[in-house]
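**Q** Below, each chain spelled out in residue letters.
Number of protein chains: 2
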Amino acid sequence: MRIRPGRSAVVPQPPFSPLVARLPETVPFVGPEALARRSGIPLRARIGANESGFGPSPKVVAAVAAAAPQSWAYPDPENHDLRAALAAHLGIGMDEVVAGEGIDGLLGLAVRLFIAPGDAVITSLGAYPTFNYHVAGFGGVLHGVPYAGAHEDLSALADRARETGARMVYLANPDNPMGSHWPAEAVEAFITALPETCLLILDEAYGETAPAGTLPPIDTARPNLLRFRTFSKAYGLAGLRIGYAFGNSRLVGGFERIRNHFGLNRLGQVAALAALADHDHLGWAVGAIARARGRIADIARENGLAPLPSATNFVTIDCGGDGDYASLVLAELAQRGVFIRKPMAPGLDRHIRISAAPDSELDILAETLPQALRAAYGAG
Amino acid sequence: MRIRPGRSAVVPQPPFSPLVARLPETVPFVGPEALARRSGIPLRARIGANESGFGPSPKVVAAVAAAAPQSWAYPDPENHDLRAALAAHLGIGMDEVVAGEGIDGLLGLAVRLFIAPGDAVITSLGAYPTFNYHVAGFGGVLHGVPYAGAHEDLSALADRARETGARMVYLANPDNPMGSHWPAEAVEAFITALPETCLLILDEAYGETAPAGTLPPIDTARPNLLRFRTFSKAYGLAGLRIGYAFGNSRLVGGFERIRNHFGLNRLGQVAALAALADHDHLGWAVGAIARARGRIADIARENGLAPLPSATNFVTIDCGGDGDYASLVLAELAQRGVFIRKPMAPGLDRHIRISAAPDSELDILAETLPQALRAAYGAG
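In order, the protein sequences belong to chains A and B. Be aware that the first sequence starts at 1, since it is given in the UniProt record's numbering, and climbs by one per residue. Be aware that the second sequence starts at 1, since it is given in the UniProt record's numbering, and climbs by one per residue.
Simulated from the structure, these hints should not be mistaken for laboratory data. Glycine included, every Cβ here is placed at the ideal spot set by N, Cα and C.
So, partial list: chain B residues that the calculated Cβ filter (under 7 Å) puts toward chain A:
1. P14
2. P18
3. D104
4. G108
With the hints as constraints, model all of the structure from the sequences given.
**A** Right, dumping it as structure tokens:
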């Protein structure tokens with residue numbers, strides 16, 4: 001490489017944009033495969049990413065296998081059939097729903113649509129890290145509001161949004177990582193309390209497993225509400241990356257300005273369509289998830305820990321110590337091939353989070369949790 | 001909705017970011033499904049998107065079907081196994097290759113990494129519209145350089161890059177939409193002629209079908225070169241959205257700052273791995289594509305048209321008239337259920353572009369092209 005005289009041995013190279021130059025290389029979540037590669041410990045129980053080990057519908061598997069030979073053809077960039085089915089499912093217009101590469105992909109687009117460098121964005125301290133990653137990626141300024149116990153603090157979030165003139169607020173209902181939920185009326189009051197120029201990003205990834213009365217009625221007339229759902233959780237299709245967002249057509253239309261139109265893969269579209277049509281499987285999976293939550297809670301209590309109520313496909317468990325102790329428990333489980341995750345924010349960090357899963361995996365949890373607790377207690 | 005007094009009936013709503021507010025809703029390419037939906041004319045021959053109707057390897061199809069039941073698990077966000085296989089395939093390090101949701105998705109990320117609003121970006125007039133879409137999306141200022149005949153004009157591109165202080169130059173080799181190619185030495189001279197602070201986006205989507213000596217030797221020491229390849233063309237996997245980019249680890253590492261880490265679907269990763277391992281199928285497909293190019297050229301000549309030499313999986317054909325006439329030919333083919341595309345830029349627009357495909361589809365081309373030409377001639 002040439003060294004230009006008088007420029008003190010700076011190697012000429014393409015500079016990152018000023019916004020990107022400030023960003024670290026990062027991964028919001030390290031995957032279980034990576035953890036196993038680094039530790040050399042084989043994965044025995046994959047119960048940390050809130051996937052559904054109960055799997056997709058057999059009809060979905062059959063539809064994907066049948067469509068595999070057509071993988072040579074680009075997907076429909078308008079996602080027409082999937083959007084039509086989602087619109088019918090939700091009782092809204094096709095121009096009020098957009099599909100994308102998981103909620104993660106859609107969150108990135110939503111931030112890009114509405115957040116310019118310096119804009120204020122509100123979230124809860126300890127809420128979804130991938131949202132924060134996207135806000136940082138577009139230069140937004142995050143303001144974190146502490147949880148109130150196991151719940152996101154709706155009135156504090158709304159207050160902070162008004163104080164900061166925020167452009168965007170993130171709320172997950174049901175909540176991840178705490179598993180709590182607000183009833184629909186509380187969410188509606190929250191929406192009403194926000195300035196109409198402030199967009200609410202309402203993440204309903206766990207909506208299918210929530211008690212009746214958790215999800216507000218759909219009202220796409222609201223000018224400042226986008227709701228996000230996914231096929232990754234109850235539908236058991238995390239691997240195919242299909243999320244969707246719905247709301248006012250002005251907001252949804254914005255995605256057409258910037259999205260990767262051919263981004264949603266063909267087999268994912270096929271799978272989502274088949275999944276949406278198989279009500280029986282969804283009902284079965286939601287029931288299986290509820291039973292697994294019960295068993296996880298039982299295992300926790302048998303070990304002297306306090307499970308929290310859950311509206312999701314995971315159970316958050318208070319380990320009874322501090323954040324360091326909970327981290328030790330998590331590390332000891334990892335040593336035994338059990339992959340789970342935990343919240344890291346102060347106030348939440350004494351908890352660990354365990355995903356609903358088939359009995360074969362929960363058997364391993366039941367076997368290893370007492371060992372992990374003993375080891376953590378001894379080390380702590 | 002509230003109307004605020006004194007603000008002339010402006011409905012309060014979340015404003016788009018200043019950058020997005022200037023963008024139109026757009027689709028770089030309208031898909032064949034959408035055309036069929038709008039026209040009501042059933043699709044008989046899908047030979048317009050440079051897909052490979054010869055399909056993926058049967059081993060790929062089997063691998064995808066076998067992996068379908070595991071669709072409940074998130075993909076590995078590090079794409080470890082695929083990147084390891086690509087690194088071995090290319091003879092480079094794993095930190096020198098990144099996989100993403102098609103070349104389209106990676107182009108969007110590359111533009112975001114290096115282009116700030118107002119930065120100059122160079123491309124050829126009539127080259128890949130999706131690249132232009134991403135440049136506009138991040139506020140880059142595009143400078144278009146006319147083709148020199150059927151080739152991108154390398155010396156004019158380099159001159160323009162220096163004149164404008166461009167941050168980025170796009171070059172496709174082999175070229176789309178003209179099917180032409182430059183030999184490796186010309187591309188290497190072009191890279192050397194660019195300032196090292198100007199990143200060359202070298203799109204080699206059609207690299208597998210190019211004559212020997214088209215692709216420059218791999219040299220990841222270059223500070224300003226990213227090369228893009230895909231499983232969408234010769235490998236026959238456009239539906240699964242798997243592209244990759246490789247180059248200097250500093251450039252490749254940048255993607256970790258902004259990419260959607262879980263964006264590459266699990267079945268796509270499985271398919272790409274299997275496709276990369278099946279050399280026999282790739283060889284067969286490249287042979288079949290070459291034979292189909294020959295047949296398309298024959299059909300063109302039989303109809304008095306002039307096919308251009310092609311290093312790609314399509315044949316660009318000079319219709320002998322002006323752009324309006326070529327558009328008429330395209331419209332008349334569409335009326336007959338034949339989906340093709342054409343370049344729109346002045347100088348290129350008298351051409352149409354037909355994808356290599358199995359004989360069953362080229363039979364339909366052979367049947368309909370004379371009809372379309374007669375109809376276009378009559379209408380013109």
